[in-house]
Each structure stands twice: as structure tokens, then as C-alpha cells.
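A.B. asks: Sequence:
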Amino acid sequence: MNEENVIAISDARPQVGFQYSDREDILPLAVAANAGSDVGAFSRGYRCRSNHEPGRQGFDNIIGASGALRDVLDLVRTVAPTDSTVLIEGETGTGKELIASAIHSHSARRHLPFVKLNCAAIPLGLLESELFGHERGAFTGAVARKAGRFEAAHRGTLFLDEIGDIPLELQAKLLRVLQEGEFERLGSTQTQRVNVRLVAATNCNLAKLVAERRFRSDLYYRLNVFPIPVPPLRDRLEDIPLLVQHFVAKYSERMGKRIDLIPADAMKALAACSWPGNIRELQNVIERSVILTSGNTLSLPLAKRPTASLDSAPEPVTLEDAERSHICSTLKQTKGVIAGPNGAAARLAMKRSTLYFRMQKLGISRTMSIRA
Numbered sequence: 001m002n003e004e005n006v007i008a009i010s011d012a013r014p015q016v017g018f019q020y021s022d023r024e025d026i027l028p029l030a031v032a033a034n035a036g037s038d039v040g041a042f043s044r045g046y047r048c049r050s051n052h053e054p055g056r057q058g059f060d061n062i063i064g065a066s067g068a069l070r071d072v073l074d075l076v077r078t079v080a081p082t083d084s085t086v087l088i089e090g091e092t093g094t095g096k097e098l099i100a101s102a103i104h105s106h107s108a109r110r111h112l113p114f115v116k117l118n119c120a121a122i123p124l125g126l127l128e129s130e131l132f133g134h135e136r137g138a139f140t141g142a143v144a145r146k147a148g149r150f151e152a153a154h155r156g157t158l159f160l161d162e163i164g165d166i167p168l169e170l171q172a173k174l175l176r177v178l179q180e181g182e183f184e185r186l187g188s189t190q191t192q193r194v195n196v197r198l199v200a201a202t203n204c205n206l207a208k209l210v211a212e213r214r215f216r217s218d219l220y221y222r223l224n225v226f227p228i229p230v231p232p233l234r235d236r237l238e239d240i241p242l243l244v245q246h247f248v249a250k251y252s253e254r255m256g257k258r259i260d261l262i263p264a265d266a267m268k269a270l271a272a273c274s275w276p277g278n279i280r281e282l283q284n285v286i287e288r289s290v291i292l293t294s295g296n297t298l299s300l301p302l303a304k305r306p307t308a309s310l311d312s313a314p315e316p317v318t319l320e321d322a323e324r325s326h327i328c329s330t331l332k333q334t335k336g337v338i339a340g341p342n343g344a345a346a347r348l349a350m351k352r353s354t355l356y357f358r359m360q361k362l363g364i365s366r367t368m369s370i371r372a
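Residue numbering for the sequence shown follows the working numbering, beginning at 1 and increasing consecutively.
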């Protein structure tokens with residue numbers, strides 16, 4: 001294979017910085033991607049070496065070098081040392097949990113618990129117990145006392161993902177914890193006091209939910225102390241080469257394969273996609289590609305199909321897209337109800353826990369599905 005038409009992976013570490021080569025046929029790929037509409041820059045390969053970038057110190061788990069990502073990390077550095085509540089806003093699959101983790105890691109609480117909860121993945125009837133805990137006998141099946149996530153995160157950080165999915169009846173109790181630092185376990189009258197820093201995330205427009213009276217305005221203002229908008233992948237295309245390298249190295253090592261080269265036309269195809277599923281969708285595509293690769297050059301099925309946005313496609317173009325579309329359609333029909341004989345799980349002929357897992361894997365929330 002002609003070296004001009006391939007991209008070389010130097011090692012299994014994320015490539016965040018570049019050292020320039022004196023060879024004319026080898027370019028730093030971040031520069032090629034930054035050419036914007038000039039995707040022809042990808043027709044020439046590059047070879048990269050790991051090089052620490054001072055501007056990203058302490059963010060080793062966050063891959064990228066774009067200006068949009070730098071702006072986000074600047075906000076993280078600013079707010080992390082405080083105890084202020086943070087609201088991370090962004091589309092599904094943009095890496096909001098990694099940003100939350102970075103906030104905790106750069107805070108004074110970094111050696112204390114970092115507790116995570118996806119509010120959309122918990123059945124509505126159990127969400128209060130998950131957050132605040134319960135006493136023995138509080139409800140059928142409560143055979144022992146259980147501490148909730150707030151107690152588990154005492155003196156540390158609690159990350160609540162998809163906070164827009166918390167029902168109205170629980171929002172007042174959540175507001176009280178944020179303001180007063182106290183609550184009662186389900187089935188108890190004894191007040192518990194906690195010291196917790198809250199980081200919340202959502203892919204919903206909470207201001208719109210407030211206007212529709214589906215989210216409390218006082219809770220919204222309490223959460224929106226320091227908002228951090230996370231850009232979608234289509235607004236940071238220059239990060240795609242770095243992410244591709246990272247995921248190829250990750251999955252090839254996990255699967256015991258040696259993949260050293262990425263065809264330049266494959267990288268061009270990846271850069272031309274709109275990525276409605278953002279980084280999660282890109283990660284899944286690369287994982288599938290590594291599975292299909294038998295030699296040392298990445299085999300990328302994506303490069304062989306049209307690169308039009310899925311939003312304008314008349315039919316889903318992958319099995320994963322079809323599954324996501326079908327689950328969203330079913331959730332819309334059941335108005336977000338998952339459990340019960342008429343719930344989405346029953347209609348899809350799968351266990352409720354399986355449906356929650358697939359929703360999390362595909363980046364689906366009940367609120368998003370109802371709005372769709």
C-alpha cells in the first residue's frame with residue numbers, strides 16, 4: 001500500500017500533540033482536519049508521535065485539541081476548585097460524564113467519592129429510593145435499610161445524568177437537598193444531613209421544559225449556577241482524527257489485534273459525516289471496524305456508504321440506527337412508560353432491565369423520545 005494513502009498509529013496512547021516531520025508527504029492530521037471544508041487535505045497521510053500538550057494537563061481522559069473543546073476545559077478549570085453546582089448541557093454522546101469526572105478530579109474533593117446516577121435508566125418508582133435511600137419495609141421488597149446516592153456521595157461529588165428525566169414530584173425534594181443539605185429516607189421521619197457537590201447533565205432544553213411546566217423553575221435556577229455547554233462532534237471536526245486513533249488503539253489492544261494503518265480515504269469519510277450520535281456513535285463505528293479488520297490496516301465499512309446525515313436519510317443506515325429508531329418510536333407510543341403490561345418493554349418483548357441497558361447504550365432518554 002502506498003504510504004501517502006495511509007495514516008500510521010504510533011502507539012496505544014491517545015495522540016493529543018504532534019511533532020512535525022521534515023517529510024513533505026506526512027502531515028500532522030490535526031492540521032489537515034482544521035482545513036474545514038478542504039477534506040482533500042486527508043488524501044495525504046501523516047505520522048504522529050505522542051507529545052504532551054501543556055494546555056491540556058490533567059485531562060488525559062478527554063481526547064481533542066479543538067478550540068471548542070479548549071473552551072470547555074477552561075470552564076472546567078475555573079469552576080472545579082469551587083463547590084458550586086454545575087449544569088453540563090449537550091447532545092447525547094458528547095462526553096458529558098467525562099466532563100463531570102474532570103470537574104471532580106480537579107476539585108478539593110478529588111480524593112473523596114464520585115458517585116454517578118443516570119436518572120433516565122432508573123424506573124420512576126425506584127428513583128426516589130436510589131437518590132435518598134429507604135428504610136426496611138418502606139415498600140414491597142424493601143427487606144433492609146439502604147443508603148441512597150446522596151449518602152454515598154457525602155463529602156464528595158454526585159453526578160446526576162439526564163436530570164431532565166426526574167419527575168416533578170421528586171424535584172421539590174431534590175431542591176431541598178441542594179439548598180439545605182438535608183432529606184429523609186423513604187419510609188423514615190429522621191432527617192439526614194449531607195455535604196455533597198452536585199454536577200448535573202442533560203441533553204434536554206431545561207428552560208423549555210420550565211416553560212412547559214414539566215420542570216420546576218426554582219430547581220432549574222438552582223442547577224443553572226454554572227452552565228457548561230459541550231459542543232457536538234460536528235462542531236469539533238478537527239478532533240475526529242485524534243478520537244479515531246484513540247479508539248482504534250483501545251479496541252485493537254482489547255481484541256489482541258495489531259492495527260498500524262488507517263486509509264486516508266477512510267479518515268476523509270469519517271470527517272465528512274455529521275455524527276448525530278456524536279462521539280458515542282463514532283466510537284461504536286470504530287469498534288465495529290476493528291472487529292472486521294483482519295490485517296494491520298483498518299477496514300472501515302463507513303467509507304463505502306453515503307455520508308449524508310441520518311436526519312435526512314429515509315431509512316436507518318445501520319442496525320444500531322434501526323434499533324434506536326424502533327425503541328424511540330415505541331417509547332413515544334407509550335408516552336415514556338417502560339414497565340407494565342402496556343409499557344415499552346412488553347411491546348418490545350424484552351425484560352425491563354434489558355431495555356434500560358439498550359437505552360443507555362444507544363443514548364436514548366424517555367424525555368427525548370417523547371419529544372421526538
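The hints are simulated quantities; they were obtained by calculation from the structure and are not laboratory data. Note that CB positions come from ideal geometry on N, CA and C, so glycine has one too. Please note: incorrect hints may appear among the correct ones.
List time: in silico DSS-like cross-link candidates among lysine-lysine, alpha-carbon distance up to 27 Å [to be verified]:
#1 Lys257 / Lys116
#2 Lys332 / Lys351
#3 Lys361 / Lys332
#4 Lys116 / Lys361
#5 Lys173 / Lys146
#6 Lys116 / Lys268
#7 Lys250 / Lys268
#8 Lys173 / Lys335
#9 Lys335 / Lys351
#10 Lys351 / Lys361
Ranges of calculated distance between the beta carbons of each label pair, as one might list FRET restraints [claimed, not checked]:
#11 Lys173 / Thr297: 49 to 57 Å
#12 Asp74 / Ser188: 27 to 35 Å
#13 Glu182 / Thr78: 48 to 56 Å
#14 Lys332 / Arg234: 39 to 47 Å
#15 Glu287 / Gly340: 58 to 66 Å
#16 Pro113 / Ser188: 35 to 43 Å
#17 Glu97 / Glu323: 34 to 42 Å
A.B. asks: For every hint, state whether the structure bears it out.
C.D. replies: Status of the hints after comparison with the structure:
no., hint, verdict
1, Lys257 / Lys116, "33 Å, violated"
2, Lys332 / Lys351, "18 Å, holds"
3, Lys361 / Lys332, "18 Å, holds"
4, Lys116 / Lys361, "16 Å, holds"
5, Lys173 / Lys146, "18 Å, holds"
6, Lys116 / Lys268, "36 Å, violated"
7, Lys250 / Lys268, "21 Å, holds"
8, Lys173 / Lys335, "24 Å, holds"
9, Lys335 / Lys351, "18 Å, holds"
10, Lys351 / Lys361, "15 Å, holds"
11, Lys173 / Thr297: 49 to 57 Å, "55 Å, holds"
12, Asp74 / Ser188: 27 to 35 Å, "43 Å, violated"
13, Glu182 / Thr78: 48 to 56 Å, "29 Å, violated"
14, Lys332 / Arg234: 39 to 47 Å, "25 Å, violated"
15, Glu287 / Gly340: 58 to 66 Å, "34 Å, violated"
16, Pro113 / Ser188: 35 to 43 Å, "22 Å, violated"
17, Glu97 / Glu323: 34 to 42 Å, "22 Å, violated"
When each numbered hint is compared with the structure, violations occur for hints 1, 6, 12, 13, 14, 15, 16, 17.
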